[in-house]
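Assemble the whole structure, with the sequences as input and the hints as a guide.
Residue numbers (the numbering used here), protein chains in the order written: chain X, 1 to 114; chain P, 1 to 116.
Everything labelled a hint here was simulated from the structure, so no lab data went into it.
Check each hint, because a few of them may be wrong.
Simulated restraints, written as ranges between beta carbons of each label pair [as the list claims (entries may be wrong)]:
hint, chain 1, residue 1, chain 2, residue 2, range
1, P, Ile-12, X, Asp-54, 26 to 36 Å
2, X, Ala-17, P, Gln-22, 34 to 44 Å
3, P, Asp-26, X, Glu-64, 42 to 52 Å
4, P, Glu-86, X, Arg-77, 31 to 41 Å
Backbone N, C-alpha and C define an ideal beta-carbon position, used for all residues, glycine too.
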Amino acid sequence: AQSVTQPDIHITVSEGASLELRCNYSYGATPYLFWYVQSPGQGLQLLLKYFSGDTLVQGIKGFEAEFKRSQSSFNLRKPSVHWSDAAEYFCAVGAAGTASKLTFGTGTRLQVTL
Amino acid sequence: SAVISQKPSRDICQRGTSLTIQCQVDSQVTMMFWYRQQPGQSLTLIATANQGSEATYESGFVIDKFPISRPNLTFSTLTVSNMSPEDSSIYLCSVGGTQTGNTEAFFGQGTRLTVV
Chain X
1 AQSVTQPDIH
11 ITVSEGASLE
21 LRCNYSYGAT
31 PYLFWYVQSP
41 GQGLQLLLKY
51 FSGDTLVQGI
61 KGFEAEFKRS
71 QSSFNLRKPS
81 VHWSDAAEYF
91 CAVGAAGTAS
101 KLTFGTGTRL
111 QVTL
Chain P
1 SAVISQKPSR
11 DICQRGTSLT
21 IQCQVDSQVT
31 MMFWYRQQPG
41 QSLTLIATAN
51 QGSEATYESG
61 FVIDKFPISR
71 PNLTFSTLTV
81 SNMSPEDSSI
91 YLCSVGGTQT
101 GNTEAFFGQG
111 TRLTVV
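Structure, rendered in structure tokens:
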């Protein structure tokens, strides 16, 4: 069975600083990988996804993530964080054949200081 | 993408009662799922809602507690039965897949349930 680890429970960055959120997965084959964001009281919004092909994927709101098979990682990055990026970020992996059936990591709460 | 309507958006219920949550999608999808998000926690898959047959439950979840229906390709319900305060969570419906292949998951806004 697949699993996802997000080592950082809580991260604080200053507005304008760069951001990297870590995600490691465990899955026997090539996984489907996702990053979702959840703002307080809101639903889940898909930031970006990796199905195949180019290992650097671009998402919405200026986010990108890089799939590194050798490290079983799919870290999320943003070059300059905005105060509105404060939220909970979830990395998720989908099983082959059912990309929408997801196993989620524990989440990373991002706090942005002004 | 798919637009998902989940009802109710929130509810406060008495212990021992049951609540049925509805999930309506604006297009036909092959996969429908129900997740639970306990306070301050991540999402945990409860079950896959199968059209025209019994749902497939994940370890730790049982049909008697979380009966699920899926009468067609656009609608599903989740019932939380005989509720206790430990059932206080956000329950989310998600969908994915079309007749032509895999897609990512799309989520409803969730139902925030408080059991008192």
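Hint-by-hint comparison with the structure:
1. With their beta carbons about 47 Å apart, Ile-12 (chain P) and Asp-54 (chain X) fall outside the hinted range of 26 to 36 Å.
2. For Ala-17 (chain X) paired with Gln-22 (chain P), a C-beta distance near 43 Å keeps the hint of 34 to 44 Å intact.
3. In this structure the supplied range 42 to 52 Å is violated for Asp-26 (chain P) paired with Glu-64 (chain X), their Cβ-Cβ distance being about 30 Å.
4. For the pair Glu-86 (chain P) and Arg-77 (chain X), the beta carbons lie near 37 Å from each other, so the given range of 31 to 41 Å is met.
When the structure is compared with the earlier hints, violations turn up for hints 1, 3 and for no others.
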